[in-house]
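There are 2 protein chains.
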Amino acid sequence: MIEPAFLLREKGVPVTAQRIAVLNAVSELPHSTADAIAGRVRDTIGAISKQAVYDALGMLTSKGLVRRIQPAGSPALFENRVGDNHHHVICRSCGKTADVDCAVGKRPCLTAADNSGFVIDEAEVIYWGRCPDCIAK
Amino acid sequence: MIEPAFLLREKGVPVTAQRIAVLNAVSELPHSTADAIAGRVRDTIGAISKQAVYDALGMLTSKGLVRRIQPAGSPALFENRVGDNHHHVICRSCGKTADVDCAVGKRPCLTAADNSGFVIDEAEVIYWGRCPDCIAK
DNA sequence: TATTGATCTTGATTCAGTCCAGATTAGGGG
DNA sequence: CCCCTAATCTGGACTGAATCAAGATCAATA
Chain A
1365 MIEPAFLLRE KGVPVTAQRI AVLNAVSELP HSTADAIAGR VRDTIGAISK QAVYDALGML
1425 TSKGLVRRIQ PAGSPALFEN RVGDNHHHVI CRSCGKTADV DCAVGKRPCL TAADNSGFVI
1485 DEAEVIYWGR CPDCIAK
Chain B
1365 MIEPAFLLRE KGVPVTAQRI AVLNAVSELP HSTADAIAGR VRDTIGAISK QAVYDALGML
1425 TSKGLVRRIQ PAGSPALFEN RVGDNHHHVI CRSCGKTADV DCAVGKRPCL TAADNSGFVI
1485 DEAEVIYWGR CPDCIAK
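Here the protein sequences come in this chain order: A and B.
If you're matching positions, the first sequence starts at 1365 in the numbering used here and goes up one per residue.
If you're matching positions, the second sequence starts at 1365 in the numbering used here and goes up one per residue.
Treat the hints as calculated values from the structure; they're not laboratory data.
Where a beta carbon is used, it is the ideal one built from N, C-alpha and C, also for glycine.
Careful: at least some of the hints might be erroneous.
Stated by the list, open to error - Output of the computed footprint for chain A on chain B, the stretches with three or more beta carbons under 8 Å from beta carbons of chain A: (1) 1426-1436; (2) 1480-1489; (3) 1493-1499.
What the hints assert, rightly or not - Partner residues aside, some chain A positions facing chain B, computed with beta carbon under 7 Å: (4) Val1453; (5) Ala1462; (6) Gly1481; (7) Phe1482; (8) Val1483; (9) Asp1485; (10) Ala1487; (11) Glu1488.
To be verified - Pairs of lysine to aspartate or glutamate residues, derived as EDC-like cross-links and limited to a Cα-Cα distance of at most 20 Å, are as follows: (12) Lys1460/B / Glu1488/A; (13) Lys1427/A / Glu1486/A; (14) Lys1501/B / Asp1485/A.
Construct the complete structure from the given sequences, taking the supplied hints into account.
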C-alpha cells in the first residue's frame, strides 16, 4: 500500500496523525459511516473529535483520495477505492453495500439523451436489490 | 390528469383530503422537498401536520405513485413521474434538478458485470454537473 | 347510522452533520 | 535548531431532517 503520509504531502496539505489515521480507517473499513470511521480511529490513536473526522473526510474527498456515497435512508459512506469507475449495490433489507463494475464499461450513460443544457461531469449509480444472505432467509 | 382520488382508491387505501392534497402538490412541484410540499398543501387545504406529509409520501412511494430521490447533501425530493425509467441531473452549484432520459435506453446497466450474488431490481442514476444558469455566471 | 381500524395531530426525540471560539500543531523562515 | 503564522483540532452548542408515541379523528364497510 502507498504510504498515507506521502499521499497527503503530495496534495500539499499538512500531514497530521488524525488524517493518516482517518485515511487508514477508510482503507480498512470500506463503505462505512463517518461514525464508524471515528470509532476505528479511536482504536488506533486513542481519541479524535467528530469534527476532525468530518474535516479530514471532507478534505480527502475534495483531494480525490476518498469517495463519498450517500444512499437514501442512510448516513454518508466513505471508501478509498477511487480512480476506477465502479458503482455500488445496496441490499434493501440489511443495507449491506458491495462494489460492482458496470457491465456497460467505463463512464456509463455520461451522455444523457437530453441534458437540458447541463454540463455533466459525473454519473453516480446505485443499484438496489437484495444480498445473498437476505435472499436465503 | 387522472383524478387523484381514483388513484388512491385503486390502491385500496383510504382517501383523505391530506393525501389528495399531497399528491396534487407533488404534481405541481416536481423535485421538491417534503417541507416544500407541506407548504404547498397548507396553501391548498389550510393546515397539515409534518407527520401526515411524511406518512402520505411514504405510503404513496410504497404504492408506486410517487418516487423519492435523495441526492447527497440535500433532503429527500419527491416527484410524480413514475413508470418510465428516467434519471436526474443535479447542479453542483445551485442544486437545481432536472429529468433526463438515459441515452442507453431502458433500465441501463441493470445487469452489473459482477453483482456479488445480489439480485438487483433497480438502478438509480444521478448525474452531477452544472446547470445553464450557473455556467453563464 | 354504527363500528372499526387506519389516519392525523401534537410534541418530544433521535441522529447526522455543522458552527463556533479557543487551544494546539505542522512546516517554512530565520 | 527554534520561532512564527496559518492551518488544524477540540469540545460543546446547535441546526434541520426525519422518526416515534399517545391520543383524537375520520374513511369505509355493513
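Against the structure, the hints:
With a cut-off of 8 Å between beta carbons, the region 1426-1436 of chain B has 5 residues touching chain A; three or more are needed, and the interface restraint holds. Coverage of the region 1480-1489 of chain B by chain A holds [criterion: at least 3 residues with CB-CB distance below 8 Å; count 10]. Taking a C-beta to C-beta cut-off of 8 Å, the region 1493-1499 of chain B contributes 5 residues in contact with chain A, enough for the three needed, and the coverage statement holds. The beta carbon of Val1453/A is positioned within 7 Å of a beta carbon in chain B (closest approach about 5 Å), and the interface hint is therefore held.
Taking 7 Å as the C-beta contact cut-off toward chain B, the hint placing Ala1462/A at the interface holds, the least distance being around 4 Å. Annotation: Gly1481/A was flagged as interfacial toward chain B, and the flag holds, the nearest CB pair being 4 Å apart, inside 7 Å. At about 5 Å, the closest approach between the beta carbon of Phe1482/A and any beta carbon in chain B falls short of 7 Å, and the interface hint on this residue holds. Evaluation of the Val1483/A hint against chain B yields a held restraint, the C-beta minimum of about 5 Å falling below 7 Å.
At about 5 Å, the closest approach between the beta carbon of Asp1485/A and any beta carbon in chain B falls short of 7 Å, and the interface hint on this residue holds. Interface hint at Ala1487/A: satisfied, since its Cβ lies 5 Å from the closest Cβ of chain B, which is below the 7 Å cut-off. Of the supplied interface hints, the one on Glu1488/A holds, with its beta-carbon coming within about 5 Å of a beta-carbon of chain B, less than 7 Å. Under the criterion of a C-alpha separation no larger than 20 Å, the hint pairing Lys1460/B with Glu1488/A is consistent with the structure, at around 17 Å.
Only pairs whose Cα atoms come within 20 Å are accepted, and Lys1427/A paired with Glu1486/A is accepted, the gap being roughly 16 Å. Restraint check for Lys1501/B and Asp1485/A: satisfied, since their Cα atoms lie roughly 18 Å apart, inside the 20 Å limit.
In summary, the structure agrees with every hint in the numbered list given earlier.
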